[in-house]
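Each chain, letter by letter, is given below.
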Amino acid sequence: MSEPLLAIEDLTVSFRTPRGPVLANNHLSLAVGQGETLGIVGESGSGKSVLCRAILRLLPSPPADITARAMRFGGRDLLKLKPAEMRAIRGQDIAMVFQNPMTSLNPVWPIGDQVSEGLRIHRGIGRAAARKAAVDILKRVGIPSAEVRVDDYPYQWSGGMMQRAVIAMAMTGQPKLLLADEPTTALDVTIQDQILSLLMELQRETGMAIILVSHDMSVISETCDRVAVMYAGSIVEMGEAATIFHAPKHPYTHALLRSIPHLDAREGRLATIGGQPPDLSRPEPGCPFAPRCPVASAECRALPIALKTLPNGQATACHFPERVADLDRRLAS
Amino acid sequence: MSSAPSLVIDDLVVEFTKPRSLVDVMTGAHPPAVRAVDGVSLTVEPGETLGLVGESGSGKSTIGRAILGLNKPARGSIRFEGKTFGERTAAEQADFRRRVQMVFQDPYSSLNPRLKIGSAIAEVLRFHKIVPEGEISGEVLRLLALVGLPAPMAERRPRELSGGQRQRAGLARALAVRPAFLVLDEPVAALDVSIQAQVLNLLGDLRRELGLTMLFVAHELGVVRHMSDRLAVMYLGQIMESGPSDEVFREPRHPYTRALLSAVPKMTTVKRQRAAVTQGEIPSPLNIPSGCRFRTRCPMAQSICETVPPNVPVGPTHSARCHFAAALTNP
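Those sequence lines, one after another, are chains A and B.
Mapping the first sequence onto my numbering, position 246 (from 1) lands on 246, and the numbers just tick up by one.
For my numbering, count along the second sequence from 1 and bump the result up by 1000.
Treat the hints as calculated values from the structure; they're not laboratory data.
It is possible that part of the hints are untrue.
[Unchecked claim] Here are the simulated DMTMM-like cross-link-like pairs (lysine to aspartate or glutamate), alpha carbons at most 20 Å apart as the crow flies:
no.: 1; chain 1: A; residue 1: Lys82; chain 2: A; residue 2: Asp65
no.: 2; chain 1: B; residue 1: Lys1072; chain 2: B; residue 2: Glu1155
no.: 3; chain 1: A; residue 1: Lys82; chain 2: A; residue 2: Asp113
no.: 4; chain 1: B; residue 1: Lys1116; chain 2: B; residue 2: Asp1106
no.: 5; chain 1: B; residue 1: Lys1266; chain 2: A; residue 2: Asp216
no.: 6; chain 1: B; residue 1: Lys1116; chain 2: B; residue 2: Glu1155
no.: 7; chain 1: A; residue 1: Lys132; chain 2: A; residue 2: Glu117
no.: 8; chain 1: B; residue 1: Lys1083; chain 2: B; residue 2: Glu1133
no.: 9; chain 1: B; residue 1: Lys1083; chain 2: B; residue 2: Asp1095
no.: 10; chain 1: A; residue 1: Lys308; chain 2: A; residue 2: Asp77
no.: 11; chain 1: A; residue 1: Lys82; chain 2: A; residue 2: Asp93
no.: 12; chain 1: B; residue 1: Lys1266; chain 2: A; residue 2: Glu240
no.: 13; chain 1: B; residue 1: Lys1271; chain 2: A; residue 2: Asp65
no.: 14; chain 1: B; residue 1: Lys1072; chain 2: B; residue 2: Glu1133
no.: 15; chain 1: A; residue 1: Lys80; chain 2: A; residue 2: Asp65
no.: 16; chain 1: A; residue 1: Lys132; chain 2: A; residue 2: Glu147
no.: 17; chain 1: A; residue 1: Lys132; chain 2: A; residue 2: Asp152
no.: 18; chain 1: B; residue 1: Lys1271; chain 2: B; residue 2: Glu1247
no.: 19; chain 1: B; residue 1: Lys1271; chain 2: A; residue 2: Glu117
no.: 20; chain 1: B; residue 1: Lys1266; chain 2: A; residue 2: Glu201
no.: 21; chain 1: A; residue 1: Lys139; chain 2: A; residue 2: Glu205
no.: 22; chain 1: B; residue 1: Lys1266; chain 2: A; residue 2: Glu182
no.: 23; chain 1: A; residue 1: Lys139; chain 2: A; residue 2: Asp152
no.: 24; chain 1: B; residue 1: Lys1271; chain 2: A; residue 2: Asp152
no.: 25; chain 1: B; residue 1: Lys1266; chain 2: B; residue 2: Asp1246
no.: 26; chain 1: B; residue 1: Lys1271; chain 2: A; residue 2: Asp225
no.: 27; chain 1: A; residue 1: Lys80; chain 2: A; residue 2: Glu9
no.: 28; chain 1: A; residue 1: Lys132; chain 2: A; residue 2: Asp113
no.: 29; chain 1: B; residue 1: Lys1116; chain 2: B; residue 2: Glu1133
no.: 30; chain 1: B; residue 1: Lys1271; chain 2: A; residue 2: Glu36
no.: 31; chain 1: B; residue 1: Lys1271; chain 2: A; residue 2: Glu205
no.: 32; chain 1: B; residue 1: Lys1266; chain 2: A; residue 2: Glu43
no.: 33; chain 1: A; residue 1: Lys139; chain 2: A; residue 2: Glu201
no.: 34; chain 1: B; residue 1: Lys1271; chain 2: A; residue 2: Glu240
no.: 35; chain 1: B; residue 1: Lys1266; chain 2: A; residue 2: Asp264
no.: 36; chain 1: A; residue 1: Lys139; chain 2: A; residue 2: Asp113
no.: 37; chain 1: B; residue 1: Lys1266; chain 2: A; residue 2: Asp225
Work the whole structure out from these sequences, hints included.
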């Protein structure tokens, strides 16, 4: 791969709270190539959404403190840009789609106006031309009879249609990178299927890169080239999606995969993860997953942990990745 | 325990109407009724778990609520252990209120935010006189232990609990009155997968230990598959397909069931290239398509589908409401 589109090195985000700083993103490094889809998977509170917001610099400071060695996007360091320069990138080169479309749309403003606002700002075109372009882009994202529905208000649309409108708004700037934060979580499975297909079609047409945040590993496995698994603010495993879901090298990824109920067989009991995620305001020295890990030993709680790359290119933040294979043997017996 | 079905729903119709506006009254107009449930019949045998799946707006929660009497039927009947609401005496009705319990998706909205968890459970124990006053606090602790919550949780308020803990607390309260039948409305939809797995395991254990009968309402097919003995698939207020869970998942006979199953993302090693399985969205219940309700989105729809499809038996206990159900065998 040539120069990646986005390269984050050693990003740390903490929030000031009355109880002391809460470390929401803990020394994260990742890269996204042109046209690539990177999946970010993890449970609530693992720091997935904070990461997206940090990339777009949407976190107000205070309470957020953001540091990184670099956050390069298209040759520029996002953290060094002036607010006006950042505004020119936001919604233009990097766009974002949020989980709940209802909160992304202004309820008292016709949808067409909200889509054309972006067009007027990003493309500098006039009101009438923007309206026409808004109809075209709404058609493109699959809104039936868009020329009529363009004057509707958000409440007149279903959740799936609103999410299409939000995607249309994100596409108006012809972004190079789309941050999609749980874009289908609030939707029914058939509508989720439609939205995922739409995102992938748009990606094929425009060549944009996508960071897709989801708690659903099946969604990630169907749509992403690479995946980063997050736990307690850290990336615990990263690599090709196919490799990681087939042969995880971190006990947390392994446990997550085991806890999903499957469609093709009715198993007796689901695997669970005992305990609770750690308190992010009280970082422990060792591996954050160690207290819940079935194969942890004393070293795991003491030795600091960092992502290390295995010979096959998969990166894991586990001191003993070879123990993950034992987990399967243990479950099989 | 008798061998008669626990619950028999026959031709249930539930309608919602907007209140008449002043203009409606002056012009003599009646706003149209929305039929959320339109002629649903189903049976739940003692000890069995029936899964009810479908997209939002399919009427699955309305059925759950109607069983508890929270929605009034416009037509049809709901019999629990042989009796409808009207047929029960006051004492029987009180007993029904105890024996049939509901667990909601988000217990945050069903638990009183000001009551400590222990007090919320004690309240129902006291109301239904489950144990003598002196034994209430012991019973609360027993119930908390039953759902895997440590004793100090009794002193916490709902906002001090995590999502999974709240769901356990909601379950403890429902189980406090020793119910026979649980209606679970999306009990794990708001939970992370690892917590979801814990709650599903817990439900499975409790079902076995307490011999509970369950109606399990959910939109996530993997979860329903895991929990249900039998399955009913709903679309726009009607049951499209029903049968033993294993059979319906292995060999779905209704195009809608097939679409739902294909739309579920799978663990795969190849990035998908395919187009979406279905086009369009669930139609408004104010404007239900004639004939088969699914025909506007069905990939196999023909002109015959404008007539109401029969409920075709495709196995001893498996049927699908489709003209082509008999022909739809596995590819």
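Here's how the hints hold up against the structure:
1. Between lysine 82 of chain A and aspartate 65 of chain A the CA atoms are separated by roughly 17 Å; this keeps the pair inside 20 Å, and the hint holds.
2. Pair hint lysine 1072 of chain B plus glutamate 1155 of chain B does not hold up; C-alpha atoms about 37 Å apart against a cutoff of 20 Å.
3. Between the alpha carbons of lysine 82 of chain A and aspartate 113 of chain A the distance comes to roughly 29 Å, so the proposed pair goes past 20 Å and is violated.
4. Restraint check: the Cα-Cα separation between lysine 1116 of chain B and aspartate 1106 of chain B comes to about 17 Å, which is no more than 20 Å; the hinted pair holds.
5. The hinted pair formed by lysine 1266 of chain B and aspartate 216 of chain A meets the criterion: a straight-line CA distance of about 10 Å does not exceed 20 Å.
6. With a C-alpha separation of about 6 Å, the suggested pair lysine 1116 of chain B and glutamate 1155 of chain B falls inside the 20 Å cut-off, and the hint holds.
7. As the CA atoms of lysine 132 of chain A and glutamate 117 of chain A are separated by approximately 12 Å, the hinted pair is consistent with the 20 Å bound.
8. For the given pair, lysine 1083 of chain B sits about 32 Å from glutamate 1133 of chain B by alpha-carbon distance, which is inconsistent with the 20 Å threshold.
9. Taking the CA atoms of lysine 1083 of chain B and aspartate 1095 of chain B, the gap is near 12 Å; set against the 20 Å cutoff, the hint holds.
10. For the proposed pair lysine 308 of chain A and aspartate 77 of chain A, the alpha carbon gap of about 25 Å is over 20 Å, so the pair is violated.
11. Proposed proximity of lysine 82 of chain A and aspartate 93 of chain A is supported: the alpha carbons are some 16 Å apart, at most 20 Å.
12. As the CA atoms of lysine 1266 of chain B and glutamate 240 of chain A are separated by approximately 17 Å, the hinted pair is consistent with the 20 Å bound.
13. For the given pair, lysine 1271 of chain B sits about 36 Å from aspartate 65 of chain A by alpha-carbon distance, which is inconsistent with the 20 Å threshold.
14. Our distance criterion of 20 Å between C-alpha atoms is broken by lysine 1072 of chain B and glutamate 1133 of chain B, whose separation comes to about 35 Å.
15. Restraint check for lysine 80 of chain A and aspartate 65 of chain A: satisfied, since their Cα atoms lie roughly 14 Å apart, inside the 20 Å limit.
16. Distance hint between lysine 132 of chain A and glutamate 147 of chain A is fulfilled; the C-alpha atoms sit about 9 Å from each other, no more than 20 Å.
17. Distance hint between lysine 132 of chain A and aspartate 152 of chain A is fulfilled; the C-alpha atoms sit about 15 Å from each other, no more than 20 Å.
18. With a CA separation close to 29 Å, the supplied pair lysine 1271 of chain B and glutamate 1247 of chain B exceeds the 20 Å bound.
19. With a C-alpha separation of about 34 Å, the suggested pairing of lysine 1271 of chain B with glutamate 117 of chain A is violated against the 20 Å cut-off.
20. Restraint check: the Cα-Cα separation between lysine 1266 of chain B and glutamate 201 of chain A comes to about 19 Å, which is no more than 20 Å; the hinted pair holds.
21. For the suggested pair lysine 139 of chain A and glutamate 205 of chain A, the alpha carbons sit about 15 Å apart, so the restraint of at most 20 Å is met.
22. Of the supplied pair hints, the one linking lysine 1266 of chain B and glutamate 182 of chain A holds, its CA atoms being roughly 17 Å apart against a limit of 20 Å.
23. For a cut-off of 20 Å, the pair hint linking lysine 139 of chain A to aspartate 152 of chain A stands: about 14 Å separates their Cα positions.
24. Restraint check: the Cα-Cα separation between lysine 1271 of chain B and aspartate 152 of chain A comes to about 35 Å, which exceeds 20 Å; the hinted pair is violated.
25. Note on lysine 1266 of chain B and aspartate 1246 of chain B: the hinted pairing holds, with a Cα-Cα distance of about 18 Å set against a maximum of 20 Å.
26. Proposed proximity of lysine 1271 of chain B and aspartate 225 of chain A is supported: the alpha carbons are some 7 Å apart, at most 20 Å.
27. Distance hint between lysine 80 of chain A and glutamate 9 of chain A is fulfilled; the C-alpha atoms sit about 14 Å from each other, no more than 20 Å.
28. For the hint linking lysine 132 of chain A to aspartate 113 of chain A, the alpha-carbon distance of about 11 Å falls within 20 Å, and the restraint holds.
29. About 18 Å separates the Cα atoms of lysine 1116 of chain B and glutamate 1133 of chain B, which keeps this hinted pair within 20 Å; it holds.
30. Of the supplied pair hints, the one linking lysine 1271 of chain B and glutamate 36 of chain A holds, its CA atoms being roughly 12 Å apart against a limit of 20 Å.
31. The suggested pairing of lysine 1271 of chain B with glutamate 205 of chain A holds, with an alpha-carbon distance near 16 Å, which does not exceed 20 Å.
32. Restraint check: the Cα-Cα separation between lysine 1266 of chain B and glutamate 43 of chain A comes to about 19 Å, which is no more than 20 Å; the hinted pair holds.
33. Simply put, lysine 139 of chain A and glutamate 201 of chain A have alpha-carbon atoms about 14 Å apart, close enough for the 20 Å limit, and the pair holds.
34. Proximity of lysine 1271 of chain B to glutamate 240 of chain A is assessed by CA-CA distance (about 11 Å); at most 20 Å being required, the pair is judged to hold.
35. Distance restraint check for lysine 1266 of chain B and aspartate 264 of chain A: the Cα-Cα separation of roughly 10 Å lies within the 20 Å cut-off, and the hinted pair is therefore satisfied.
36. About 15 Å separates the Cα atoms of lysine 139 of chain A and aspartate 113 of chain A, which keeps this hinted pair within 20 Å; it holds.
37. At most 20 Å may separate the alpha-carbon atoms for a hinted pair to count; lysine 1266 of chain B and aspartate 225 of chain A meet this at roughly 15 Å.
In the structure shown, a violation is registered for the earlier hints numbered 2, 3, 8, 10, 13, 14, 18, 19, 24, in ascending order.
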